[in-house]
Structures are given as structure tokens and as C-alpha cells.
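Chemist: What follows is each chain in one-letter form.
2 protein chains.
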Amino acid sequence: MSDHYRIYLEEDQIPTKWYNVRADMPEQHDPLLSPATGEPVTVEDLKPVFCEELAKQELDTTTRHFDIPKPVQEFYKIFRPSPLIRAYNLEKALQTPAKIYYKFEGNNTSGSHKLNSAAAQVHYAKEQGLTSLTTETGAGQWGTALSMAAAFFEMDLTVYMVRGSAEQKPYRKAVIETFGADIIPSPSETTEVGRAILKEHPNTSGSLGCAISEAVEQAVSTPNCRYVLGSVLNQVLLHQSIIGLESKAAMDSIDEYPDIVIGCAGGGSNLGGLISAYMQDTLKGSSDTRFVAVEPASCPSLTRGRYEYDFCDTGKITPLARMYTLGSQFMPSADHAGGLRYHGMSPILSKLYDDGYVEAVSVHQTKVFEAAVLFAKQETILPAPESAHAIRTAIDEALKCKKTGEEKTILFGLTGTGYFDMQAYSSYLAGEMTDYIPSDAELEAGFAQLPNVEAIRSSK
Amino acid sequence: MSDHYRIYLEEDQIPTKWYNVRADMPEQHDPLLSPATGEPVTVEDLKPVFCEELAKQELDTTTRHFDIPKPVQEFYKIFRPSPLIRAYNLEKALQTPAKIYYKFEGNNTSGSHKLNSAAAQVHYAKEQGLTSLTTETGAGQWGTALSMAAAFFEMDLTVYMVRGSAEQKPYRKAVIETFGADIIPSPSETTEVGRAILKEHPNTSGSLGCAISEAVEQAVSTPNCRYVLGSVLNQVLLHQSIIGLESKAAMDSIDEYPDIVIGCAGGGSNLGGLISAYMQDTLKGSSDTRFVAVEPASCPSLTRGRYEYDFCDTGKITPLARMYTLGSQFMPSADHAGGLRYHGMSPILSKLYDDGYVEAVSVHQTKVFEAAVLFAKQETILPAPESAHAIRTAIDEALKCKKTGEEKTILFGLTGTGYFDMQAYSSYLAGEMTDYIPSDAELEAGFAQLPNVEAIRSSK
Chain A
435 MSDHYRIYLE EDQIPTKWYN VRADMPEQHD PLLSPATGEP VTVEDLKPVF CEELAKQELD
495 TTTRHFDIPK PVQEFYKIFR PSPLIRAYNL EKALQTPAKI YYKFEGNNTS GSHKLNSAAA
555 QVHYAKEQGL TSLTTETGAG QWGTALSMAA AFFEMDLTVY MVRGSAEQKP YRKAVIETFG
615 ADIIPSPSET TEVGRAILKE HPNTSGSLGC AISEAVEQAV STPNCRYVLG SVLNQVLLHQ
675 SIIGLESKAA MDSIDEYPDI VIGCAGGGSN LGGLISAYMQ DTLKGSSDTR FVAVEPASCP
735 SLTRGRYEYD FCDTGKITPL ARMYTLGSQF MPSADHAGGL RYHGMSPILS KLYDDGYVEA
795 VSVHQTKVFE AAVLFAKQET ILPAPESAHA IRTAIDEALK CKKTGEEKTI LFGLTGTGYF
855 DMQAYSSYLA GEMTDYIPSD AELEAGFAQL PNVEAIRSSK
Chain B
435 MSDHYRIYLE EDQIPTKWYN VRADMPEQHD PLLSPATGEP VTVEDLKPVF CEELAKQELD
495 TTTRHFDIPK PVQEFYKIFR PSPLIRAYNL EKALQTPAKI YYKFEGNNTS GSHKLNSAAA
555 QVHYAKEQGL TSLTTETGAG QWGTALSMAA AFFEMDLTVY MVRGSAEQKP YRKAVIETFG
615 ADIIPSPSET TEVGRAILKE HPNTSGSLGC AISEAVEQAV STPNCRYVLG SVLNQVLLHQ
675 SIIGLESKAA MDSIDEYPDI VIGCAGGGSN LGGLISAYMQ DTLKGSSDTR FVAVEPASCP
735 SLTRGRYEYD FCDTGKITPL ARMYTLGSQF MPSADHAGGL RYHGMSPILS KLYDDGYVEA
795 VSVHQTKVFE AAVLFAKQET ILPAPESAHA IRTAIDEALK CKKTGEEKTI LFGLTGTGYF
855 DMQAYSSYLA GEMTDYIPSD AELEAGFAQL PNVEAIRSSK
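First to last, the protein sequences are chains A and B.
The first sequence runs 435 to 894 under this note's numbering.
The second sequence runs 435 to 894 under this note's numbering.
What the hints contain is simulated information worked out from the structure, not anything from laboratory work.
Incorrect hints may appear among the rest.
All copies of an identical chain are treated as equivalent in the list; a pair is satisfied when it fits inside any one copy or across any two copies.
Derived lysine-lysine pairs resembling BS3-like cross-links, with alpha carbons at most 30 Å apart [to be verified]:
| no. | residue 1 | residue 2 |
| --- | --- | --- |
| 1 | K560 | K526 |
| 2 | K533 | K511 |
| 3 | K750 | K490 |
| 4 | K526 | K836 |
The shape of chain A in the complex, shown without the other chains (with noise of 0.2 Å):
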């Protein structure tokens, strides 16, 4: 064992191949589902919102790993590797005879592993002689990292920002600006489907399936521009295996594997990328480390929502996808971890946990800036919201071991820095954080509102 409390691979044991997991899995998520005719897409179908090598690695489920190309590569070299730390000093808070790692992914300015895949997208988009890119960005840390990307790659970039998030967090705009990118606040009045969310809900906060929407729109109706998204997606999952590929170069270095990986769970971007090499082995059958999604009790895809068919967005413009959701109408409270708030998961991610690969637990939010505090004085890094979800159960389970005896190797993944969620941070001190759990009628009034598949078929 190492006493290092950072390790850092060498630039040349960088990944140069992303590992996709449903080549290992025994059985694949249902497809991808044409809004309009029930019928599984196909890369023509996706090819006017997406880029073409993009379309087509959503849709592989056989190719175990793509070559990461040159240009990318050497993006990566930028802020790449990540380092590989332990909590030497939670653990000694925590008296826990556990080992705890983590994978730090917030060094850089997006302060998130969103640029991972963002640098992947605009490079095939630039790649396929295309001008300009239209996403959204909920909590800010993937249009950021999308317009850092469009700065480097020269990319036209417009941004359509959930509305709570581009007013609580002027200065996350401001970064977005300064890579030189357009924001938009949404829902807008550029596009049609925002005309028509303003005008059913003139007051609304927004959420990240009506930006989707909105990004979607303008992406198809906009010659040689097409959309990105920074999570959900399998090519995002892809792009993302580069976390749990360091992470495993890193801990094999040091002769360790994690009994425990634990993530934080939004759309799954950070989650299904960290387990992904682990996953390969228990999926081979070598290895039995439980996995562990981590989401707020106030969007609890996961733990209450359905497996069933449903939008990715809130304006019902994209293709149909079978995940854990709480219905594309769900809109959740204002809750601080703006990252987390999406109604779905991951159909890979969906996939996993429903065959039991994958545990979830749901986290309150009070409880959560409790771990962020007590992680901030320790290791001296200020996590974001999102990340503290997945340190609260690590913690947890580090108490566990504190009362058993053993001695578990646990890894988590810090998907980011907190500099600009401080706004949640006061609230949290000042002691006027609640915690908001949505009620069951909630629930079902947005999964009243999923798409019946059947029904699209026969009116076909």
C-alpha cells in the first residue's frame, strides 16, 4: 500500500481508448424509440440532431472501445490525467478503519468531468465540417465545459441555461461568456416550443428537459448546426470511461481495488463513467463490488421513479427512451444541486440497476452540505452540491465499517468544485436549507403523463 495522498498516472498512461459497457452486458437497454412511430432509430434518424460518428456510437452495442482521436487526446493532456486521492484526513476524522478514495474531476475551470465528453463532441462536430453546436446546462458545469471546448476547437456555441440557474448563478454565465459563447435563459421566446411552455407557465424557473427542447429545436432548424447533450446518453457514457479507466490504472498501481464505487447520479454521466472498468470485471464475473448510485430525495429518478418509456425532454420533441423517470412533465423544486435535477437516468445506467448490478439510495439535501462542510475542512477542496451527494454515502458507508470493523476499500467520485454554488452553502450555514421531498400524488401525476408506446404504434 501507498502512502500517497495523490496519485497521478503519467501523461503517456492516459486511456487512449474509450471502453463501452454494453459490450459486456448480458443483456442490452430497450431501444431508442421514434416519437412518432414507436419504431427503434436508427443513425439516420438521429443523424439531423446529432453528428454522424456521434449517432452511431449511441447506437453500438458491440464495439468494446473506440479509439479516442488525436486532437482529443491532446485536449485531454490539458487537464488530464485526473488525480486519484485518498481521504487520509476524512478518515481520520471519521475514526474509520476504511480506505477512502476518490477520483478528483474538478480541476479545471468548467470545475466538472463534463469536459471529458465535451471535448469529444465538438471535435467530431468540427470534424464533420459543421459551424455551430446548441445544448443546454442546468447547473452550468456542462456549458462550460461545452464552450471551453467550442473556444479551443473555434465552434460557434449557443446555450440554453435553465432560468433558476442563469439568475441564481450570474457568474457561471459570465465564465460561459468569457469562452465566448451565447446564452440564452430558458424557456425563451427564440424558439417555439419555449413560446409555448411561457405561455402555460409565464413563471416557470425552467427545468433541464425544457432546454433540451428549446437547444433541440434550434439545433435542427439551423443549417450545419446540430445539438449536444452533456449527459444520459450513451456516447456521453462512452466519452465519460475515461474516469474509471484512470481510476483503475491508478488503484492497480497501488496493488488496491474498491469493495464500494459510489457516484452521484443526475443524468448518470459521472456514475456511468466511474464504474465503468469495474463494471467490465463483475460483468466477466471477477470481481463483486457493489456499485452505488447516489440522488436527492427531491429527485429520485432511481429509487421511485418507473422503468418505463419516456422523453428525454419536457417538450416531447426527442426519441422515446426506456429509463428510470419520473415523467418528462416532473418539475422538480428548486433544490441546490442543479446537476440533479433531471426527471430520468442513463437507459445503461436504467439497465444496470434494474438488473442488479447497480444499488440507489436517496440522499436529503441538509445531509448532503453536512458532508460537503465536513469533506471541505479535511481535504481542503470545496465540492460541489452534486459531488456531496456521493461523499454523504461514502461517509455513510465508512461509518458502517467504523461499527463492523472492516476494513473496505471504498472509492467515490468528485465530480466538482462548489465555487459557485455558494449561494447554497450560506443557506446551508445560516440554517435555512430545507429539505423538500416530492409526495407520492406528485409522483403520479407525472407518471400519468408517460408516453403510452402502444398507443403511437396503432395510430401510426
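Here the structure of chain A is known, so what remains is to put chain B in place on it, guided by the hints.
Modeler: Same frame as chain A, now just chain B:
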């Protein structure tokens, strides 16, 4: 030559000793003087203000290396070694034959190099059995760093934050509070000196010099309490020497040696630390590297100040230091580089500058932000406005190389990140930023209030 973007030392290559450049200086700077008697201060004189070990370090001109205490070494491992980065992308954008390296000290929650000295100062205070500390902060980086170290070593802390900064940066304040420190906007009603300043200037937005006065007053009037300072002092430059030592070790590992070393200079903590190991070579005559201090045109202590004895604070309660100064009563205009608004400059750097070992340039704010935005887009790191002063000059030197064709090796200090400075970025992007340059008359008014050491001595 390596083609690595980032060079990380191994954890066991983190220096275990700080380097005291005074041991190699041919001449020492003039001694600190008591403001009461005009006589050189002793360790005994400093002990009511500073903890004893730090008072010794402050006055030690002969010990070349100081062992870094084990607990501080352990603390360093949480965020060190910091990366040395080759700015390949910036070089490409500038089409310069120069090689540009930067030492990035912003990869910790304080967002700056300040944590290097904070850890040391809190450790020594703890070891001496003190229970609380006071300090001041301008931009907030030092206050954050110290609150992080205080939380870690379990020490109470009060931070006097320049009122203008506290109001402009409520989130910076929230970070400091997250780590458990008390924040008091300065000038305040808490201290005599604060009340006196408020009486004379009721609407002042404060200054570093004024916050220092308040923090010192509280320290000397509270049992088991001492004052700590994040820049200017010799002890701080000693602790910050780790930046230069690590830079040199990393560059040595790829057979590089800088022709020019560039750092921003407010009180001098970063520049003094960055140049330390290279300055040793220069002082020994084995190198002719150029050292460049970059200061804002709005607060030009080196380029337009006088080399005189002056107070280190506005309230005139600290010892007198001979340094380049604009006068302790100089109130810089509101400027976005909050960390570069100090009226004086480190006595060590002042002496090295006066003796011709260090050059100085002053740069305009809008040109600084122009460089910051270019750097962010190319290198994907959002720099602090302070650090962007060094970037501006590094770019200017690289552009000179483009004209002359010289393949110079440039090293600059990227002291920190700009997440809490987005108001300034927004103002720049909106074209609303102006360049302020103090008039000769304003400077003369500052010089007119310099203390008369002879008069102090003879009045004794």
C-alpha cells in the same frame, strides 16, 4: 525535451526545506524599525504580534534552508506538488518560437498559492499553544487559504476583509465561513483604529493597509492570539520558496532553464517564491535569467514608488519597513486585481529590484483582461486577474520573440483562478472596464505622508 503538457513531481519530490534567499544576497535590506523609537526591531519586539518561530524566521538573514515541519509537509501533500504546465496551445495561438511554461498554484480551494504560507503559519501558532489568529484579506484568497488551514489545524480565526471586496464578493465570504472563520468587513466598529478611520472616511471601501491595522489591534489585545500576514513579510517569501523549488525541480527533469521568470507583484509573496531557486543561481553568478515583476498601472509601487521607510499599514501601528512604497495612506482606486492593491512591496524584492536583480513593468487593466481571455480560451484555465498580469507580460515577451525569432524559455507564475472575479470579467466583456492611472499629484500626496525616521529617532 519533453512533449508533456503537465509535469507533476512525485509526492516524495516535494521539497522538505524552504529556501531563504537572504542567505545568498550580497547585501541585506535595511532592518525593520520600531515606529516608537526608530530602532531596529528584535524577535522580542515582534513576539506580541507574531508567534515566536515566525518572528525568528522574519529576522533570520543567515539560515539558508529551514526544515518544513512534518505536519506542514503532510498538509502540503493534500494539494502539492502543483503542476508545471507547458503552454503549447498559447504558443501556437501566438505563433511564437518561445517556449512558455507556467507553474499553476490555483489547484486548491483557496484558488491561489496563499495556502503554502497559511499552512506554515497556522502550524507554528498551534505548536506555540495559541488558540486564535487574526488576519486581513483583500481579494479573499489569503483569507480563504488561512481559513482552510485553521479548519484543518483547529484554530479560531478572524478575518478582516477589505469592505469593498466583501461587498463585491459575497461568495468569497461564504467560502471562508464554510471553513468556519469569522469575517468582519473592514474598516469596522470592532477596533479603535477601525472606528477612527470610519470617523474620518465614513464611506470608505477600505484598503489592505487598514484591514491590517485592525487585525493587528485585535491580535495584540486578545490573550493567546497572534496576527498573521499573507504577503510582504520575509517569512512569507520563505514559505513561498516552495513554488520556485518545485518549478526548478520540474524544469530540471526536462532539462529546461528559464531565460525569463515573470510574476505578478502585489506584496511580493508569489514573485518572491517563484524566483527563489533561480535567484540563488543568479546571486551565485551561474545564471543570467531575467526576473520581471508585473504590477498594475493603478498601484505602481515598484515602477513609480519611492524606496523609503514606511508603515506596513494605514493605521501606522506596524513596524517601519524600507521598501518601494506609494505611502501607507495611498488609497488605490477600485481595481479588479484586489490582490495587487497594496501600497508597498516586500523588502526583499524591493532590495533585489533596487540592486538591479529584478526588473519591473506596470500594465493596464484592460490589456490584462485581454490576455486573461486569450489564455483561458487556449489553456482552458480561467486565471485570477492578479495572475493575468503575469500572463500579459509573458505574452508580450513571447511576441517579442516572434519578431526576433529568439527561442527563449519563459516561465511565469499562474498564482490562481478567477472564479470569484467574474464581475470583473463581465465588466471587461461588456466593454465597461476602464484603465486607471494615478496622477503624479496623487502619488506626491502619498509620498508627503511618508514617516520621517530621523524625527522619530530624535524625538525619542
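Chemist: Compare the structure with each hint and give your call.
Modeler: Outcome of the hint check:
1. With identical chains, the CA atoms of K560 and K526 are at most 30 Å apart between copies only, with a shortest distance of 19 Å across copies and 48 Å within one.
2. Within a single copy, K533 and K511 get their C-alpha atoms as close as 29 Å, and across copies as close as 17 Å, so both meet the 30 Å cut-off.
3. Proximity of K750 to K490 under the C-alpha cut-off of 30 Å is restricted to the intra-copy arrangement: shortest distance 23 Å within a copy versus 70 Å between copies.
4. Only within a single protomer do K526 and K836 lie at most 30 Å apart by alpha-carbon distance; the minimum there is 11 Å, versus 53 Å between protomers.
Every hint from the earlier list agrees with this structure, and none is contradicted.
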